[in-house]
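Chemist: Given next are the chains, with one letter for each unit.
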Amino acid sequence: MTPIITHIFLQNYWWIIVSLLAGLLVFLMFVQGGQTFIFSIPKNDLQKKMIINTLGRKWEFTFTTLVTFGGAFFASFPLFYATSFGGAYWVWMAILFSFIIQAVAYEYRSKPSNIYGRNTFDTFLLINGSLGPFLIGAAVATFFTGSSFSLNDMKQVHWETPWNGLEALLNIRNLALGFAVLFLVRINGLLFIINTVDDEGIETASRKKLIVNSLWFLLFFLYFVFTLLVADGYSADQASGKIYIEKFKYLHNLISMPLVLALFLSGVVAVLGGLFITIFRGGSKGIWYSGTGTILAVFSLFMLSGFGNTAFYPSLFNLQDSLTIRNASSSLFTLKTMMFVSFLIPFILAYIWYAWWSITNRKVTEEEMNSEHHTY
Amino acid sequence: MTDIIDVSLIDWSRAQFALTAIYHWLFVPLTLGLSFIVAMMETMYVRTGSEEWKKITRFWMTLFGINFAIGVATGIILEFEFGTNWSAYSWFVGDIFGAPLAVEGIVAFFMESTFIAVMFFGWNKVSRKFHLASTWLVAVGANLSALWILVANSWMENPVGMVFNPETARNEMDSFWSVLFNPVAVDKFLHTISSGFVLASVFVAGISAWFLLKKREEPFAKKSILIAGTFGLLSSLLLAFTGDSSARTIAKVQPVKFAAFEALYEGKTNAPLVAFGVLKKSGEKIGKKDVNEFLFAIKLPDLLSVMTSGDKDAYVPGLIDHVNGNTEKGILSTAEKISRGKIARQALTDYSKAKNDNNTEKLAELREKFSNTDFRDNYFRYFGFAFIENPEDVIPDVHGAFYAFHLMVILGFWFILIFTLSIFFLYNGKLHQYRWFLWIMLLTIPLAYLASELGWILTEVGRQPWIIQNLMPVSIAVSQISTSSVQITFWLFALLFTGLLIAEVSIMLRQIKNGPNHQEEKR
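So the protein lines, in turn, are chains F and U. Residue numbering for the first sequence is 962 to 1337, as defined by the working numbering. Residue numbering for the second sequence is 198 to 720, as defined by the working numbering.
Here chain F stands alone, though its shape is the one from the complex (with noise of 0.2 angstroms):
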């Protein structure tokens, strides 16, 4: 009888992980999107320290949850992070960067004796903002569009542009998914914060903010799923393991999966519900159709980049290095491992859940700022 728990059973359960984790993470990264506004929404000290304690609060999440998904990648497909970090050095040294000085801006800001100023701190969380989402999503948009590598006899990656993974920033498709992902976690930070601050002023500037917001994200988003369903992509031969290149991939991909379309579409239609009950019917809790819709959307992405026998990090040097899920992954034992570990997932969900609530179960007011002992 053949095991249930196989090692392609165990590849395939970890992507879906790491999938969810990557959904997670830019839903969270409404924290990074709503710092965005914090130079152009408030218009006095007061109302900028609501947004960003609103923020401030939830920025811990995100930063854990990057960590978590780039633990459980390399846990489970190692040889991704040591090609694509190894590689790309300057795409994730920037995005690092910009994760460095996000995690004392907060915590600084409005610490007297801060040294640099409260508008550097700021400025920090501004950077972050902007950068970390624009370069992660340009870095996933090369699971589609490919990376110049090679790997030798060891696995030892040579990145074959002395730009280290900058080149990618060349390429049309990866700038659109950069801007995409940047523009998504600015309207879910709008979202957040009409569903958090009680502020009549900034209620008003996030809403107007919102509807701009929400067409520049449709146009690059549309246009990367464009260029996506027309576009050549990257298939394993399922014997041989061989990569070659499959015209109408990710939309063969697509077909081919409808569980995964349906997920795909299902969290584009929450996304586009949650801001039009806040545009049209002056809603405040269009986060959690849009949040959710968003974990969809990226879930489905990778979904797509992985599954349906598809090479996730396709090498333009030589087709055959591409990364798929079952040459990239960890052995039999260690998924399992993991797999047992993961079980322990739905606990701390439902743990965050709580102390989530816990916390924000009353707007951010005027009088809590004036009043709370531990306020950024």
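What the hints contain is simulated information worked out from the structure, not anything from laboratory work. Heads up, the beta-carbon is just placed ideally off N, CA and C, and yes, glycines get one too. Treat the hints with caution; some may be incorrect.
Listed below are several chain F residues computed to face chain U (Cβ distance under 7 angstroms; list not exhaustive) [said to hold, decoys possible]: (1) 1028; (2) 1033; (3) 1069; (4) 1071; (5) 1300; (6) 1304.
Please build the complex by placing chain U on the supplied structure of chain F, with the hints as guidance.
Modeler: Here is chain U on its own, set in the frame of chain F:
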């Protein structure tokens, strides 16, 4: 098999990792210990309902937050640097090494970051008991986080629970429990967290001593010293105990490192333990490396033999034994290990060739070879030696290891003395009168940081040239990127971390100067 790698790239990559690790470790021990101290203080508040305890808790919690933020900022880099700067390593052992990092994120870091939000923002939003539970969970989460990182680090010191797979050209885990309960990991975890507890206790006691010196906030300071002194004394005793246990384990699994700690060149029976000494060149050499001798040393007779084997007549091998070998004591020479490592490496090259040639017969033969216990135990275990050029290269920097080790041990005993006296003076009600002692308590703070950093320096310097003991030298683990890229990021990190450290210290000092009442008045 591996491309020729520029030596300066290795050194810059090494320097970058050392820089980020040293900066990160400036903040982590305080987080590990202060989280528990704050939890104890809040427990006192919840039990007594006293506002004084609440004020004390909030003051130290604020300092905890300032330190925590920069700890997180410097920590994220370390995880990703394994990929960016040590990509060959990441593949060679990612199957084993990645798991603890992922578990850290899933199990520990989420716990810490979830409940830290409740700890800081939940005072008026959740019940006292839920808030207290959150504070304790932050402490547990922070220390669990340390557990998984230290499990990963210990595996690099003593690779266990794995088997080499020639098909994928990497090591693969075959026992998670062996990795988790690696003797090095158990010792290192207990030793490291107790060092964090000690550092945080020294920090709290030292700052409280400053308040007493300034004749400010006396009840606050004394209560803080009561908690920190008691916790610190217990932790420093645990630190000494785990330090001893850790040294014994190192003597077994990393005997070269152990010999370097003691600057023991010639192996001997009835080996004395050097309490402290000063090294000088003896004029002799092992290969191209200088041999050192003691200009002077305080030696405790037989103790090293007793420590390593429980027998004063036991033989403790020296660095020369490890390089030249000692047939009588069953120690292989490094030259022999290099030759065996090369045989293992050749087998892997043959495997790769057979795979390319589709030579199924040869592949089957080589698969059999790699699964053969004799080949694994006598050849593959020396795989990394294939990349060692000269036998003496396996000797780490003896000066660095010796002084770091001994200074750390001396400081460990110093902390026990300080905590004992602080509790004694507190109980007899004279602590605030002994200004000389309060100064000593204050000046001990930088010593605690020094001891903590020395611990890591000796751990990492002592195991050079290995990134994974005996299996992979640092030189072949590095990512093949341009040296100039690493140089640029090194300086960017140095600039950024130094800038942030300056801000952190400045904010910290201001908060301390303002004292606990300033925050309450502000409300």
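Chemist: Which earlier hints can't be squared with this structure?
Modeler: Going through the list in order, the structure violates hints 4, 5, 6 and respects the others.
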